[in-house]
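Taken in order, these protein sequences are the chains called A and B.
Okay, so the first sequence: first residue is 47 according to the working numbering, each after it adds one.
Okay, so the second sequence: first residue is 47 according to the working numbering, each after it adds one.
Derived from the structure by calculation, the hints contain no laboratory data.
Hints may contain errors.
Once the Cα atoms are required to be at most 25 Å apart in a straight line, the calculated SDA-like pairs of lysine to any residue come out as [what the hints assert, rightly or not]:
(1) Lys138(B) <-> Pro52(A)
(2) Lys154(A) <-> Arg67(B)
(3) Lys49(A) <-> Asp99(A)
Facing chain B, from chain A, some residues (calculated, C-beta under 8 Å) [claimed, not checked]:
(4) Lys49
(5) Phe50
(6) Ser57
(7) Ile62
(8) Arg67
(9) Leu71
(10) Met88
(11) Tyr91
(12) Asp99
(13) Glu121
(14) His139
(15) Glu148
(16) Gln149
(17) Ala150
(18) Lys153
(19) Lys154
Glycine included, every Cβ here is placed at the ideal spot set by N, Cα and C.
Number of protein chains: 2
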Amino acid sequence: MTKFAPANLTSHYAVIFTSQRGDNLEGYEAMASKMMELAKQMPGYLGVESIGDESGFAITISYWQDLASIKNWRENSEHKAAQAKGKSDWYKHYEIRIAKIEQAYSKK
Amino acid sequence: MTKFAPANLTSHYAVIFTSQRGDNLEGYEAMASKMMELAKQMPGYLGVESIGDESGFAITISYWQDLASIKNWRENSEHKAAQAKGKSDWYKHYEIRIAKIEQAYSKK
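Using the sequences and the hints given, assemble the complete structure.
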């Protein structure tokens, strides 16, 4: 299984989620897997690239067809519950950046 | 030292570099550090967020003020030499995506 998201698409968007977890990780892993699976079923989902390190710092970039798909995913009720839990319990710090991909290059 | 790049800036760009290294890593770490240092001195550089895993898969996102800063960095002669070496020797696969940040949220 590749760790790369599809590339060389025409216009699409990235949601760059960089995060630092805290010490309370109860329920975190199960929720993270669940959200990864749920995202894949959302309309406009194109792929994801994700890595975390042993300090709890992680970068997850999900790729979406358009802003409407991102908004729909952000407002999904299960995802909203996960977001609330992330904000209150799991993450000490996160940055979410929504960005429009304008150029792309690859080596495969 | 924070692993996060500055956020809540006005208009700016991300260069999303996802990569899979191969087995030949001769000179790689030294060059990677050198490029990180050199990037910081470039006009329009805003910050970087980077993680790699034990399989050699890595995500490095650098943030820049505008497309002109990114172009200037891409065309820097030392960086060009590093890019050529990366393409020929170190990376099996990479994706580079240049994206304009349109929305940002954070928890600190």
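Do the hints match the structure? See the list:
1. Lys138(B) <-> Pro52(A): The given pair, whose Cα atoms are some 16 Å apart, holds under the 25 Å limit.
2. Lys154(A) <-> Arg67(B): holds (11 Å)
3. Lys49(A) <-> Asp99(A): holds (15 Å)
4. Lys49: Where the cut-off is 8 Å and the nearest Cβ of chain B is about 5 Å from Lys49(A), the hint holds.
5. Phe50: holds (6 Å)
6. Ser57: violated (11 Å)
7. Ile62: Holds, because the Cβ-Cβ distance from Ile62(A) to chain B comes to roughly 6 Å (cut-off 8 Å).
8. Arg67: violated (12 Å)
9. Leu71: With Cβ-Cβ at 16 Å, over 8 Å, it is violated.
10. Met88: violated (18 Å)
11. Tyr91: violated (16 Å)
12. Asp99: holds (5 Å)
13. Glu121: violated (14 Å)
14. His139: Result: holds, 5 Å to nearest chain B Cβ.
15. Glu148: Hint on Glu148(A): holds, closest Cβ of chain B at ~6 Å, below 8 Å.
16. Gln149: holds (4 Å)
17. Ala150: Holds. Min distance 5 Å.
18. Lys153: The hint holds - Lys153(A) has a Cβ within 8 Å of chain B, the shortest such distance being about 5 Å.
19. Lys154: Holds - the Cβ of Lys154(A) comes within 8 Å of chain B, reaching about 5 Å at its closest.
Hint check: violations occur at hints 6, 8, 9, 10, 11 and 13; the rest are consistent with the structure.
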